[in-house]
Amino acid sequence: MDSVADSDANHSISLEQNLSFSDTLVALQMMRAQFPQIDKVAIQPFILQSQLYSSVKDRTQVDRELESLRRDKVVRIFKLNTGQDDHGIMFLDDYLKQVEHVVKRMEEKKQGDLEVFKWFKVHVIESKLEPSIGHQELYALLSLGGRVKDEHVSLLINAGLLTRQLIDPNMYWFAIPNIGSILKGLSQGRKELLSLLNRRRYKEMMLAPLEKKRLRLSPLDMRFHLRDLIGSGHIKTGHTPTVLNIRLMEEPRTIVMQSCDVAINAG
Amino acid sequence: MWKEIGDREMGKIRPNSFSSQIKSNRISNLQLSNNKDIVSPHRGSVNSLQVDLTEGRYLLSGASDASAAVYDVQRATDYEGNGLIAKHKCLFSVDKQHEKGHKYAISSTIWYPVDTGLFVTGSYDHYVKVWDTNTTQVVMSFKMPGKVYRTAMSPLATSHMLIAAGTEDVQVRLCDIASGAFAHTLSGHRDGVMTVEWSTSSEWVLITGGCDGAIRFWDIRRAGCFLVLDQSQSQLGRRPPVLARSAANKVNVSKSLSAGQNSLGKQRAPQKKVSNGHGMKQSTIGRMPTNGSVRQRLHPGMLSIQDRATAHYGAVTGLKVTDDGMYLLSAGSDSRIKLWDLESGYNTLVNFEVVRLQTSKAIQLAISQDSAQVFVPCMTVVKAFDVWSGKMSLTFRGHYESVNCCWFSSQDQELYTGGNDRQILVWSPCQLITDDTDAGRTKDEDNWSD
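Quick mapping for you: the protein sequence lines, in order, are chains Y and X.
All residue numbers for the first sequence refer to the UniProt record's numbering, where the first residue is 1 and numbers rise by one.
All residue numbers for the second sequence refer to the UniProt record's numbering, where the first residue is 1 and numbers rise by one.
Wrong hints could be hidden among the right ones.
[Said to hold, decoys possible] Result set (EDC-like, lysine to aspartate or glutamate): computed pairs, CA atoms no more than 20 Å apart in a straight line:
{"no.": "1", "chain 1": "Y", "residue 1": "Lys-57", "chain 2": "X", "residue 2": "Asp-37"}
{"no.": "2", "chain 1": "X", "residue 1": "Lys-87", "chain 2": "X", "residue 2": "Glu-168"}
{"no.": "3", "chain 1": "Y", "residue 1": "Lys-57", "chain 2": "X", "residue 2": "Asp-386"}
{"no.": "4", "chain 1": "Y", "residue 1": "Lys-128", "chain 2": "X", "residue 2": "Asp-230"}
{"no.": "5", "chain 1": "Y", "residue 1": "Lys-79", "chain 2": "X", "residue 2": "Asp-334"}
{"no.": "6", "chain 1": "Y", "residue 1": "Lys-128", "chain 2": "X", "residue 2": "Asp-307"}
{"no.": "7", "chain 1": "X", "residue 1": "Lys-391", "chain 2": "Y", "residue 2": "Glu-65"}
{"no.": "8", "chain 1": "Y", "residue 1": "Lys-236", "chain 2": "X", "residue 2": "Asp-37"}
Treat the hints as calculated values from the structure; they're not laboratory data.
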């Protein structure tokens, strides 16, 4: 059912018609439906926060609606390690499905006592809604299920549910399991798309042919990357008299004349 | 405009709203000034700008070549271009050649808030110096343990004359001009302190932002900080709705209680109280091993050291309190600007569309008097944002390299910006250049050159 809807969404609606939405929840659901199929890795759809910024006009409204969706436990927000302040958003049901998948795979490998995953799901995910958790709090919440040992936390890290980032050695960050290769593809795809635009003489390209290209290094499709880069301000869209085109954003080095195109993100 | 004056005359508009309407009109017309120019003698990037708070007449600037200069922005030193362009040269400048001048870059220059007789400079050569303006001599000099990033004095202070200095050392030091010694030090940050600001509502409250991403509020009469801003605690709107806030407060109170119980409950045996300062640092480092090992008892005021909440994912590079003391704007090296409600301590989730901010140096933000616009240096341009909605309203493009500091003078609605290209630019509401001077010339001349 899902795949049929996916393929329909992929073919019939081009990015040009689908660039902006009225509401954050509508945007999230549409982008979830348009998430590309990736063959080698089993992963549930996720959305980047920069994609939301490119889709809904008012960024403050996006932030606030996202905050209330997070508090109502509809979505979960994860801090990704692909760059400055990158956040990934996943619907809670999809996240729980992903966790189940990973737990089943670990059960098959018989890698040790797996009750910690149940404690994690019941106690930690339900009550801790922020993207990070301190060490003491993690222990306290897991102990509500049973006696916690250091090996349990190592199991969680091995499964990819928790990670540590360079910012604070005492803090664990929630992570989407199995997402590593996709994040690598994400940063490489970003670089490839930016260099594609950079090589052109006027650093711009029409949207329709750009969308048809396939990125060599990234499993995610062009539309995903375009939304992400528009939202983070690296590229912007401009209107020519007939169609939409994409232009690479660059900080001007000297004072230049303002172009007269309609630009969504100005210098 | 004439309609507004007529309404004011008839009493339809109140005087305050009349003046604020005119001021905001002028602010929306800001552009590179076509009749005022500041001639900067600096040979290094301009790091700090401030117009004095008493008269609004003298502009003080500090640069990376260890020079500081003062300009009079209301009276020009000479005129050019048929009297149309006012040139403001510096009234005096102190630099490395001065016998007691700074040796390395000056990162922060501020006026003594009470009058323009003194000014304070902080520099990367680890010194904070107090200068007498009329004789341009160093009156007092304080040695810091590291490079000084920012100094600040409270504009409201009536009972103290403390200079707060943020350095690359983790402790914030308060220097007293009256006695010439250090008053006390504030510890709690885990990395250097890049920005320091005094609160505009209380003379005892100091706000510091560190390279560890935390923003801490200190009441200098007590030990420890009383508030650490946490970016994950947010409220949806300028003021939280009454019911939602009490629910959120209950959640936070229960969380902090449980955290407090965990830390105190895991004590094995009563330990003697550790004195503040050096001993405290050792105990926090010793607490890193995770298995609930023996903890030292903390002085209740120092419990804030355990609070590791961060306000930004990188270093905090700029802070600005609104004039009414109710909101705080903070800029971080993660290229985000956040608006905090100071009464509740929450992030108001206003999104300012910033693509990139300078990460290695502190930037100076400026805010208009009615707190409606905030001016932010973003790389080579200065952008004005609407504070409540986060939308960008104006862009000031004029510098050739990154802009470091800006100051908004609310008296004449002028913006002064200084950057790495050693220039200080003036942005003022556009003024019509009248043809009075041309009318005096003979009218029979035509525009052909000979």
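Outcome of the hint check:
Proximity of Lys-57 of chain Y to Asp-37 of chain X is assessed by CA-CA distance (about 39 Å); at most 20 Å being required, the pair is judged violated. For the hint linking Lys-87 of chain X to Glu-168 of chain X, the alpha-carbon distance of about 38 Å lies beyond 20 Å, and the restraint is violated. Between Lys-57 of chain Y and Asp-386 of chain X, the direct Cα distance comes to roughly 16 Å. Compliance with the 20 Å bound is thereby established for this hinted pair. As the CA atoms of Lys-128 of chain Y and Asp-230 of chain X are separated by approximately 15 Å, the hinted pair is consistent with the 20 Å bound.
For the proposed pair Lys-79 of chain Y and Asp-334 of chain X, the alpha carbon gap of about 13 Å is at most 20 Å, so the pair holds. Distance check on the hinted pair: Lys-128 of chain Y and Asp-307 of chain X sit about 17 Å apart at the alpha-carbon level, within 20 Å; holds. Annotation: proposed proximity of Lys-391 of chain X to Glu-65 of chain Y holds, straight-line Cα distance about 17 Å (limit 20 Å). Among the hinted pairs, Lys-236 of chain Y with Asp-37 of chain X is inconsistent with the structure: their alpha-carbon atoms are about 35 Å apart, more than 20 Å.
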